[in-house]
Amino acid sequence: MCFTHFKTFKDKDALRQDPVDACRIESPLENLQPGEYANDNRREMCMTTGADFRNLHFDSPEWCENWSKYGAWGIWKITTVSRLFEEKKRKWRVLFG
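Sequential numbering from 1 applies to the sequence shown in UniProt numbering.
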């Protein structure tokens, strides 16, 4: 059975403009069939393809980009657990000293 999937995940630098740092994960959509190469179908296939990485399951990317000859890429923004923990510690210090 042929189906689209994400296979190679690229961990980009932290998104520093966010108050809590997040990782940007990108992955090319693989196994698109020839009839699915039209721009509308690329986006639809990308947004309806799930992915599993870092012991997490995602029903779809947060958004998709169509990078011409590089194809459709799924993009996820993930707040890391360590970043969340540090943010919670800062809030607790403000509240409780």
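Where hints are given, some of them may not hold.
[Claimed, not checked] The calculated lysine-lysine pairs, modelled on PhoX-like cross-linking and capped at a C-alpha distance of 25 Å, are:
1) K12 <-> K77
2) K7 <-> K77
3) K69 <-> K12
4) K10 <-> K69
5) K77 <-> K10
6) K69 <-> K7
[Said to hold, decoys possible] So the derived label-pair ranges between C-beta atoms look like this:
7) F3 <-> N66: 11 to 21 Å
8) C2 <-> T79: 14 to 24 Å
9) W63 <-> T8: 27 to 37 Å
10) Q33 <-> T79: 13 to 23 Å
11) F9 <-> S68: 27 to 37 Å
12) H57 <-> N31: 17 to 27 Å
13) K69 <-> K7: 16 to 26 Å
14) G50 <-> Y70: 30 to 40 Å
15) K12 <-> G50: 16 to 26 Å
16) C2 <-> S60: 29 to 39 Å
17) S68 <-> K7: 30 to 40 Å
18) Y70 <-> T48: 14 to 24 Å
Calculated from the structure, these hints are not laboratory results.
Ideal Cβ placement from N, Cα and C applies to all residues, glycine included.
**Prompt:** Taking only the CA atoms, is the gap from K69 to K7 under or equal to 25 Å?
**Reply:** 18 Å, holds
**Item:** H57 versus N31 beta-carbon gap, inside 17 to 27 Å or not
**Value:** 19 Å, holds
**Prompt:** Do the beta carbons of Y70 and T48 sit within 14 to 24 Å of each other?
**Reply:** At roughly 20 Å between Cβ atoms, T48 and Y70 fall inside 14 to 24 Å, so the hint holds.
**Request:** Evaluate the given range 16 to 26 Å for the C-beta pair formed by K12 and G50.
**Result:** Roughly 20 Å apart at Cβ, these two residues keep to the hinted range, so it holds.
**Message:** Check whether the Cα positions of K77 and K10 lie no farther apart than 25 Å.
**Reply:** 12 Å, holds
**Request:** Hint says 29 to 39 Å; check whether the CB-CB distance for C2 and S60 agrees.
**Result:** Check failed, 19 Å falls outside 29 to 39 Å.
**Asked** Should the hint that G50 and Y70 are 30 to 40 Å apart at their CB atoms be regarded as holding?
**Response** At roughly 21 Å between Cβ atoms, Y70 and G50 fall outside 30 to 40 Å, so the hint is violated.
**Consistency of beta-carbon spacing, T8 to W63, with hint 27 to 37 Å** = Given about 18 Å between the Cβ atoms, the range is violated.
**Item:** Pair hint outcome, K69 versus K12 [Cα-Cα no greater than 25 Å]
**Value:** 20 Å, holds
**Distance restraint between K12 and K77, which requires alpha-carbon spacing of 25 Å or less** = Given pair K12, K77 holds - Cα atoms ~10 Å apart, limit 25 Å.
**Asked** Straight-line Cα separation of K7 and K77 no greater than 25 Å?
**Response** 17 Å, holds
**Asked** Range hint 11 to 21 Å: satisfied by the CB atoms of F3 and N66?
**Response** Hint holds: Cβ distance 19 Å, inside 11 to 21 Å.
Checked against the numbered hints above, the structure violates hints 8, 9, 10, 11, 14, 16 and 17; every other hint is satisfied.
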